[in-house]
Amino acid sequence: MSTLQIPAPRLLKSPLISPMPPWFNTDDYFSDQFSSASVSVTSPEAAIQIFSELSNSKFPAHTAIYTDGSQVKTPVPSTSAALFITSKGVLLSWKLRPEVEVIESELFAIREALSWSQTNLLVIEKIVIYTDSQASVHLIKNRQPSCYLFLIFQIQCKIMSLTASHEVFIQYIPGHKGISGNETADQAARDAHSLRYRTITPMSKEELVRLAHDRVQASWNQSWLDNVNSSGKGQFLTTIKHEVSYWPWAQNNKRSIETALARLRPGHAGVRAHLARFKMCDSSLCTCGSLETIEHLLLHCPQHAPVQANLTNTLARLNIPVTLQNLLGGGTYPSPIQYLIVDAVATFLTATNTLHLL
1 MSTLQIPAPR LLKSPLISPM PPWFNTDDYF SDQFSSASVS VTSPEAAIQI FSELSNSKFP
61 AHTAIYTDGS QVKTPVPSTS AALFITSKGV LLSWKLRPEV EVIESELFAI REALSWSQTN
121 LLVIEKIVIY TDSQASVHLI KNRQPSCYLF LIFQIQCKIM SLTASHEVFI QYIPGHKGIS
181 GNETADQAAR DAHSLRYRTI TPMSKEELVR LAHDRVQASW NQSWLDNVNS SGKGQFLTTI
241 KHEVSYWPWA QNNKRSIETA LARLRPGHAG VRAHLARFKM CDSSLCTCGS LETIEHLLLH
301 CPQHAPVQAN LTNTLARLNI PVTLQNLLGG GTYPSPIQYL IVDAVATFLT ATNTLHLL
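Numbering (the UniProt record's numbering), first residue to last: 1 to 358.
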């Protein structure tokens, strides 16, 4: 931990099982459904109408609490949370550690809404907590949540305590659909990024694991780059791949293609410029008269112009610029696109009859 510059975490005592007993009917207290229609195709006008009907029919006499979490990565990483109580005129917000994930900030806001209710509500009052985090509601209603056990069990415990004297319900509603209370909570959460002081919360297991992973990854990357700079070896690969990571698209079922690509990426392919360095051929020049490098072979050799045009057109249909980095798998594209790029390069190498030379 100290090597990775990770502070020693404060151990959290969390129960091993949910505080909700088996006979506790979660459907009476939670709903992660908003309407029968998909939220993605529901217009703001329709969402507002559905919400109005829902609140009037199901929660007509409830004190409504809207919660939200927010996270930004640039220019400075930040995570925040907020809650808004319409009838009370209460607006609370918190700036959390930047390492806290947005789902955790959503759960934090829900927990704080329950804490506020425990302290401030009259016995006769009913409460409904509206959250635009469907994943949060799903986790809270689960007796065996997959993550954030400490926080979720705290929420469940508070719900069990409140239900002894209040009607409590946590309802999912869609975000960014113009629902007034949700928009206010959302804006408050975004404004909280500019707060001067952070609210310090215990580090969750998920946060600790994620932080350790990121620090180890950064350490590996730096070690690799330092080794390249000190030895002068592997510089070509750093122009293709900027970090140590797994490339699933680097595996091909056809051995000849896999071998060729595995040689092209680090720059150790059988092109004349490379072979001449080790006196394995008489000249470093291509038969066209230019220096035969990997870039020349894939992008510039006039002898392969028709096949290069096909390669360019294939990538253009994918909206991918034809660069050496992109061709060799170093672009910032999802795996399905990377596999298509590999197929296009394999087709090029086969059509130019250069596969066996590499």
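Keep in mind that the hints were calculated from the coordinates and are not lab data.
Incorrect hints may appear among the rest.
[As the list claims (entries may be wrong)] In the BS3-like style, the derived pairs of lysine-lysine whose C-alpha atoms are separated by at most 30 Å in a straight line are:
#, residue 1, residue 2
1, K88, K126
2, K177, K126
3, K279, K241
Treat the numbers as computed from the prediction; the structure is a model and nothing was measured.
These are the hints, each one checked on the structure:
1. K88 with K126: 13 Å, holds
2. K177 with K126: Holds - the C-alpha atoms of K126 and K177 are around 25 Å apart, at most 30 Å.
3. K279 with K241: Judged against 30 Å, a Cα distance of about 28 Å means the pair holds.
The structure shown violates none of the earlier numbered hints.
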